[in-house]
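Now for the letters of each chain:
Number of protein chains: 2
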Amino acid sequence: VADPLLISVDAMGGDHGPSVIVPALDRLFGLGLVREVRFLLHGDEAETAKTVRTFPRVAAVSELRPSTSVISSDAKPAHAMRRGRGSSMWNAVASVQTGEARAVISAGNTGALMAISRLQLRMVGGMERPALVANWPTSRGVTSVLDVGANILCDADRLVEFAIMGAAFHRSLHGTSRPSIGLLNVGVESEKGHDEVRGAHRLLGEARFDLDYRGFVEGDDIAKGTVDVVVTDGFTGNVALKTAEGLARFFRDELRAALTSNLISKIGAFVAQGALRGMARRLDPASVNGSPFLGLNGIVVKSHGSSDAAGFAHAVEMAINLARADITSAIERDLGRRETRRAILGVVGGSEIVANAEALPA
Amino acid sequence: VADPLLISVDAMGGDHGPSVIVPALDRLFGLGLVREVRFLLHGDEAETAKTVRTFPRVAAVSELRPSTSVISSDAKPAHAMRRGRGSSMWNAVASVQTGEARAVISAGNTGALMAISRLQLRMVGGMERPALVANWPTSRGVTSVLDVGANILCDADRLVEFAIMGAAFHRSLHGTSRPSIGLLNVGVESEKGHDEVRGAHRLLGEARFDLDYRGFVEGDDIAKGTVDVVVTDGFTGNVALKTAEGLARFFRDELRAALTSNLISKIGAFVAQGALRGMARRLDPASVNGSPFLGLNGIVVKSHGSSDAAGFAHAVEMAINLARADITSAIERDLGRRETRRAILGVVGGSEIVANAEALPA
Numbered sequence: 002v003a004d005p006l007l008i009s010v011d012a013m014g015g016d017h018g019p020s021v022i023v024p025a026l027d028r029l030f031g032l033g034l035v036r037e038v039r040f041l042l043h044g045d046e047a048e049t050a051k052t053v054r055t056f057p058r059v060a061a062v063s064e065l066r067p068s069t070s071v072i073s074s075d076a077k078p079a080h081a082m083r084r085g086r087g088s089s090m091w092n093a094v095a096s097v098q099t100g101e102a103r104a105v106i107s108a109g110n111t112g113a114l115m116a117i118s119r120l121q122l123r124m125v126g127g128m129e130r131p132a133l134v135a136n137w138p139t140s141r142g143v144t145s146v147l148d149v150g151a152n153i154l155c156d157a158d159r160l161v162e163f164a165i166m167g168a169a170f171h172r173s174l175h176g177t178s179r180p181s182i183g184l185l186n187v188g189v190e191s192e193k194g195h196d197e198v199r200g201a202h203r204l205l206g207e208a209r210f211d212l213d214y215r216g217f218v219e220g221d222d223i224a225k226g227t228v229d230v231v232v233t234d235g236f237t238g239n240v241a242l243k244t245a246e247g248l249a250r251f252f253r254d255e256l257r258a259a260l261t262s263n264l265i266s267k268i269g270a271f272v273a274q275g276a277l278r279g280m281a282r283r284l285d286p287a288s289v290n291g292s293p294f295l296g297l298n299g300i301v302v303k304s305h306g307s308s309d310a311a312g313f314a315h316a317v318e319m320a321i322n323l324a325r326a327d328i329t330s331a332i333e334r335d336l337g338r339r340e341t342r343r344a345i346l347g348v349v350g351g352s353e354i355v356a357n358a359e360a361l362p363a
Numbered sequence: 002v003a004d005p006l007l008i009s010v011d012a013m014g015g016d017h018g019p020s021v022i023v024p025a026l027d028r029l030f031g032l033g034l035v036r037e038v039r040f041l042l043h044g045d046e047a048e049t050a051k052t053v054r055t056f057p058r059v060a061a062v063s064e065l066r067p068s069t070s071v072i073s074s075d076a077k078p079a080h081a082m083r084r085g086r087g088s089s090m091w092n093a094v095a096s097v098q099t100g101e102a103r104a105v106i107s108a109g110n111t112g113a114l115m116a117i118s119r120l121q122l123r124m125v126g127g128m129e130r131p132a133l134v135a136n137w138p139t140s141r142g143v144t145s146v147l148d149v150g151a152n153i154l155c156d157a158d159r160l161v162e163f164a165i166m167g168a169a170f171h172r173s174l175h176g177t178s179r180p181s182i183g184l185l186n187v188g189v190e191s192e193k194g195h196d197e198v199r200g201a202h203r204l205l206g207e208a209r210f211d212l213d214y215r216g217f218v219e220g221d222d223i224a225k226g227t228v229d230v231v232v233t234d235g236f237t238g239n240v241a242l243k244t245a246e247g248l249a250r251f252f253r254d255e256l257r258a259a260l261t262s263n264l265i266s267k268i269g270a271f272v273a274q275g276a277l278r279g280m281a282r283r284l285d286p287a288s289v290n291g292s293p294f295l296g297l298n299g300i301v302v303k304s305h306g307s308s309d310a311a312g313f314a315h316a317v318e319m320a321i322n323l324a325r326a327d328i329t330s331a332i333e334r335d336l337g338r339r340e341t342r343r344a345i346l347g348v349v350g351g352s353e354i355v356a357n358a359e360a361l362p363a
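Chains as they are written, first to last, in the numbering used here: chain A, 2 to 363; chain B, 2 to 363.
One or more hints might be untrue.
One copy or two, it doesn't matter: identical chains are merged, so the pair holds either way.
[Said to hold, decoys possible] Below, computed lysine to any residue pairings styled on SDA-like, alpha-carbon distance capped at 20 Å:
#1 K51 - P67
#2 K51 - H17
#3 K77 - S307
#4 K77 - G127
#5 K225 - G337
#6 K225 - A258
#7 K77 - A60
#8 K225 - N298
#9 K225 - E246
#10 K225 - R282
#11 K267 - G200
#12 K77 - G188
#13 K77 - G142
#14 K77 - E190
#15 K77 - H175
#16 K193 - R215
#17 K51 - D156
#18 K225 - S181
#19 K193 - R36
#20 K225 - T177
Calculated directly from the structure, the hints in this document are not laboratory data.
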């Protein structure tokens with residue numbers, strides 16, 4: 002790449018603001034991840050400048066864009082949309098909207114970030130809201146699970162859109178040329194589940210979206226890593242994700258308690274600590290920071306509000322990789338291909354679409 | 002209790018049949034759980050009698066009821082209903098239907114057991130299918146989660162029924178006089194979720210079903226043990242349960258791998274094994290065997306098909322406790338109380354029911 006990649010950062014978002022975000026950017030140099038990258042830092046001028054000054058490597062590739070306010074972590078999305086103009090989050094997204102920056106990262110209020118992103122960037126095609134992706138550690142690597150919370154009601158078409166976007170995301174991030182896709186259900190037989198999931202199963206199975214669709218998967222297939230991408234509605238996905246995060250924390254607490262219950266097990270824990278350290282944490286779906294909002298005309302990555310510098314750095318790395326892979330164009334193209342097929346088939350909407358799709362050119 | 006409690010057992014169900022089921026009953030003596038209990042063992046005469054003969058304590062309190070066939074583990078429910086007559090499962094359920102036995106346990110085919118139970122025992126009130134309960138280990142004990150798979154689509158009324166039945170179940174099993182209840186959602190604010198969950202929230206919050214309703218809970222509240230009973234539709238509940246089971250297995254595998262990765266950690270594991278042994282298994286929702294089918298006119302407990310004698314014994318213990326607490330009458334009474342209130346309110350169905358319920362006598 003000749004031109005440096007410009008990444009927009011909401012320097013005020015999250016629990017810690019610049020004091021974590023600027024060191025996070027500095028970490029990326031140590032990891033060799035920021036060649037040909039520059040940053041736009043949106044934040045309070047004095048506070049941000051003060052921190053940047055202590056990290057010369059960051060200062061050398063960053064431009065400070067002063068903003069006049071910060072969207073609070075408990076602000077309602079509607080309020081953020083009406084009154085958020087001029088805030089660090091608003092301006093950080095605007096840098097992507099104008100085409101100046103190629104991606105934006107914020108650790109701020111999720112609802113506000115989603116509302117402001119939709120307002121400024123707009124959705125691709127006929128989608129209503131972005132899909133949230135969880136990067137879920139599995140016994141075979143990382144599975145991308147979507148949607149994990151933004152779209153509570155999903156018809157069959159929406160689930161197909163998630164499959165298309167999830168494949169593009171997984172490919173962009175992990176380099177898998179044709180990620181395998183599963184549809185989350187309560188059984189693998191085709192009569193299982195509700196109309197929406199059965200409808201999506203029919204569409205994905207018949208319509209040849211150039212996806213490696215493997216059919217229904219069940220909850221335990223997530224941790225097994227049976228497929229690269231697990232597609233589900235935002236209600237089910239959110240519950241599954243939080244249930245797993247809760248269990249992972251429970252497991253960590255119990256492991257700690259078991260290993261400090263008496264002197265003998267303390268000794269055992271001390272001896273085995275190299276093997277145990279971080280093991281339970283690594284299996285927590287919350288351990289992989291950075292959730293993209295898929296389906297926007299632009300790359301937006303949400304970082305956990307409480308994440309540390311290592312976590313925020315991971316979210317920035319994800320944004321860089323998604324920008325380099327030009328995921329927005331990929332999604333637009335793949336969704337567009339589907340729209341074309343729908344037009345050929347004379348379809349207006351709904352799930353009962355594809356009768357003889359196999360007869361069509363792929 | 003003057004009369005002994007008569008429990009009906011499908012001796013042929015599950016992967017192992019009498020060779021595990023009879024020893025399981027014998028275990029209950031060791032645990033002091035079978036005073037004043039007698040068993041009806043439905044199974045192949047020769048095979049069952051041969052095993053029973055080697056367990057004199059079981060033989061002394063059991064009556065063998067010969068059956069002529071076994072429902073296979075892969076039989077379709079419809080087929081089991083049509084052709085299952087005379088099988089050990091069919092006859093075991095029939096003993097409850099006639100009033101002879103107070104509960105039935107089977108480790109056989111879940112779909113067949115549900116179909117045969119519905120056909121013979123019928124549902125209480127206007128319910129369509131039984132709810133399946135998971136006994137979920139948490140940091141504070143055990144949380145009852147329902148439905149975990151039988152009812153894929155649930156309107157607000159159905160969710161209220163689950164709350165009523167879940168409370169009766171938790172009280173019967175754990176002795177908590179007023180179990181706390183939470184409704185599973187993607188957030189705790191009242192505007193979160195879909196119509197069904199918001200409708201149930203309104204009903205449970207306003208209508209005073211004599212339940213300790215605590216409002217919405219999220220996925221991570223399950224492992225925290227925030228409430229005694231978590232209510233959800235069968236789709237979401239099934240996905241959450243299987244996701245957690247998958248994660249628990251993943252933990253176990255990783256823990257084993259971490260502790261045998263090199264000599265040092267092997268030594269540590271050896272020293273700490275007392276503390277670690279079974280820890281990861283104990284946290285697995287699959288570790289507590291025995292799932293009741295709630296909402297039938299009679300007590301039916303499903304055991305895992307692959308469970309060992311200890312697991313099957315736990316399912317039998319559950320059936321005994323539910324029978325002693327007379328959970329069927331409790332559910333009928335509590336659902337009936339709701340029906341009466343609905344009649345007073347002039348309600349025919351649907352979710353938009355209770356306008357001024359607070360004004361009514363409790």
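Hints, verified against the model:
1. K51 - P67: within (13 Å within a copy, 85 Å between copies)
2. K51 - H17: within (14 Å within a copy, 70 Å between copies)
3. K77 - S307: The answer is within: 19 Å in one copy meets 20 Å, while 50 Å across copies does not.
4. K77 - G127: neither (25 Å within a copy, 41 Å between copies)
5. K225 - G337: neither (32 Å within a copy, 44 Å between copies)
6. K225 - A258: Result: close only across copies, 15 Å inter versus 27 Å intra.
7. K77 - A60: neither (33 Å within a copy, 67 Å between copies)
8. K225 - N298: Classified as neither; 33 Å inside a copy, 39 Å across copies.
9. K225 - E246: Answer is both: 16 Å inside a copy and 11 Å across each meet the 20 Å cutoff.
10. K225 - R282: Classified as both; 17 Å inside a copy, 17 Å across copies.
11. K267 - G200: Neither way: K267 and G200 sit 54 Å apart in one copy and 50 Å across, limit 20 Å.
12. K77 - G188: The answer is between: 14 Å across copies meets 20 Å, while 38 Å in one copy does not.
13. K77 - G142: neither (36 Å within a copy, 36 Å between copies)
14. K77 - E190: between (42 Å within a copy, 12 Å between copies)
15. K77 - H175: neither (34 Å within a copy, 41 Å between copies)
16. K193 - R215: Answer is within: at 15 Å inside a copy they meet the 20 Å cutoff, but 32 Å across does not.
17. K51 - D156: neither (49 Å within a copy, 56 Å between copies)
18. K225 - S181: within (14 Å within a copy, 33 Å between copies)
19. K193 - R36: So K193 and R36 fail the 20 Å test inside a copy (49 Å) and across (43 Å) alike.
20. K225 - T177: Answer is within; shortest intra-copy Cα gap is 18 Å, inter-copy 36 Å.
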